[in-house]
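> Listed below, chain by chain, are the residues.
2 protein chains.
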Amino acid sequence: MARIKKSPEVRSKELIDCAERLFFQHGYEDTTVNDVIREADVSKGAFYHYFVSKEALLEAVATRLAKRNLEELQLLAEDPSLDAVGQLNALFAGSRRLKLEMAPQLKNTFNALFKPENVVLYHRIDEALQAASLPIITEILRRGHAQGALDAPDPETAAMMLLQLRLSVAKMMHKALQLSEAGDLDGAAAMLDSWMRTYGTAIERFLKLPEGSIEVTEPGFARTFLQA
Amino acid sequence: MARIKKSPEVRSKELIDCAERLFFQHGYEDTTVNDVIREADVSKGAFYHYFVSKEALLEAVATRLAKRNLEELQLLAEDPSLDAVGQLNALFAGSRRLKLEMAPQLKNTFNALFKPENVVLYHRIDEALQAASLPIITEILRRGHAQGALDAPDPETAAMMLLQLRLSVAKMMHKALQLSEAGDLDGAAAMLDSWMRTYGTAIERFLKLPEGSIEVTEPGFARTFLQA
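Sequence order for the protein chains is A and B.
Each residue of the first sequence is one higher than the one before, counting from 36 in my numbering.
Each residue of the second sequence is one higher than the one before, counting from 36 in my numbering.
I should point out that these hints are in silico values taken from the structure, not numbers from a laboratory.
There's no promise every hint is true.
Which copy is meant is left open, because identical chains are indistinguishable; a pair holds if it fits in one copy or across any two.
Below are the DSS-like pairs computed for lysine-lysine, each with C-alpha atoms no more than 30 Å apart in a straight line [said to hold, decoys possible]:
hint	residue 1	residue 2
1	LYS79	LYS210
2	LYS40	LYS210
3	LYS40	LYS134
4	LYS79	LYS243
5	LYS206	LYS89
6	LYS206	LYS142
7	LYS134	LYS79
8	LYS206	LYS243
9	LYS41	LYS134
10	LYS243	LYS40
11	LYS102	LYS89
12	LYS210	LYS89
All values reported here derive from a predicted model rather than from experimental measurement.
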């Protein structure tokens, strides 16, 4: 059967779609370039025209996931009617809404990402997310510091600190999901709530904000997320 | 010549000793399993009885280094003549001293660990280090909070936050080493100094300590480390 001629953009997108599906279904380590080639129904030559290696494909999957996540959040971060603290809170609220909307997919993603065979995938997505978020957070902190709304004399370093702390939220969400799936919903919700409150406190104190000004979480969020 | 019969513990320790020496002398990449086998004077079969791969051997080397570090640091953390803040500072001072003493080995270790092909290994060592450090830091924070020396109502969560931030120090040290090796020692030292100061500030603010009470770094440390 003759292969259908497709534009490079379409072909490249299809390869990333296939790779994403296979990575999450079977794990990154257990997916080969040949699996992707078969699933996408392209020739080996065509594949290597777009991606030099499985790692390059991983990079593309990670970057696209990060970009999708961030496009929506960036709009919130740029709302001109909000001050810097309002923008940070809008980011957290948006992130909570996304988490609830995408809870079933997120649960699968977490379960896939935290498998030992996916450490490389997880790290790459992390790095892509951090790289994409850094300028957004840095700009909020820069503006907030200039306006005297918060204290971050070195906004880029401060943004890196906040993003580093944020990594632990994903770890905690995964732990809470495991606990909840093992039957202890109450314990899991309490752990996640407590972790997110401490994360909020850490941000407030680090940026010298009044207690209660950062709303990382809201009452009932952890339970709703775990049950969604 | 007949091989001398040795106990499994002795043999395994000798292999790790040899690997450590060779990794640090020639670099991880340029050391083969055959080099280790030759240096340790064991058969190939004997080697693979103890370690399934070169990566397993590197993990053993790094884990042992981490354990050694922690043993010494634990003594500092338990010094009864110090209050909680003094114990945290003793940990940082001890960690700086170890870093300077072991700078050449550390540089090789970082260079090996931050290679893309070592992400899995890096992640595992990180986890081992975090798990081992958590009870030490938790206990310091618990005692400090009870004595009113610092504010950490949930000491274990607070300790996890501090350890999460600490992970970024290793990342930054590696970035600074790369920059320094590329010829920009001044830029590298400035970046590492600034990062460590911000890390100290983050800890002070998070634990509600007076400014300047946490001494993560000291003047000239970054440059001395990078040049060591």
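> If a hint holds in the structure, say so; if it doesn't, say that too.
Consistency of the hints with the structure:
no.: 1; hint: LYS79 / LYS210; in the structure: neither (37 Å within a copy, 36 Å between copies)
no.: 2; hint: LYS40 / LYS210; in the structure: neither (45 Å within a copy, 44 Å between copies)
no.: 3; hint: LYS40 / LYS134; in the structure: neither (37 Å within a copy, 58 Å between copies)
no.: 4; hint: LYS79 / LYS243; in the structure: neither (55 Å within a copy, 59 Å between copies)
no.: 5; hint: LYS206 / LYS89; in the structure: both (23 Å within a copy, 25 Å between copies)
no.: 6; hint: LYS206 / LYS142; in the structure: both (12 Å within a copy, 28 Å between copies)
no.: 7; hint: LYS134 / LYS79; in the structure: neither (34 Å within a copy, 48 Å between copies)
no.: 8; hint: LYS206 / LYS243; in the structure: both (26 Å within a copy, 26 Å between copies)
no.: 9; hint: LYS41 / LYS134; in the structure: neither (34 Å within a copy, 55 Å between copies)
no.: 10; hint: LYS243 / LYS40; in the structure: neither (58 Å within a copy, 63 Å between copies)
no.: 11; hint: LYS102 / LYS89; in the structure: within (20 Å within a copy, 35 Å between copies)
no.: 12; hint: LYS210 / LYS89; in the structure: both (25 Å within a copy, 25 Å between copies)
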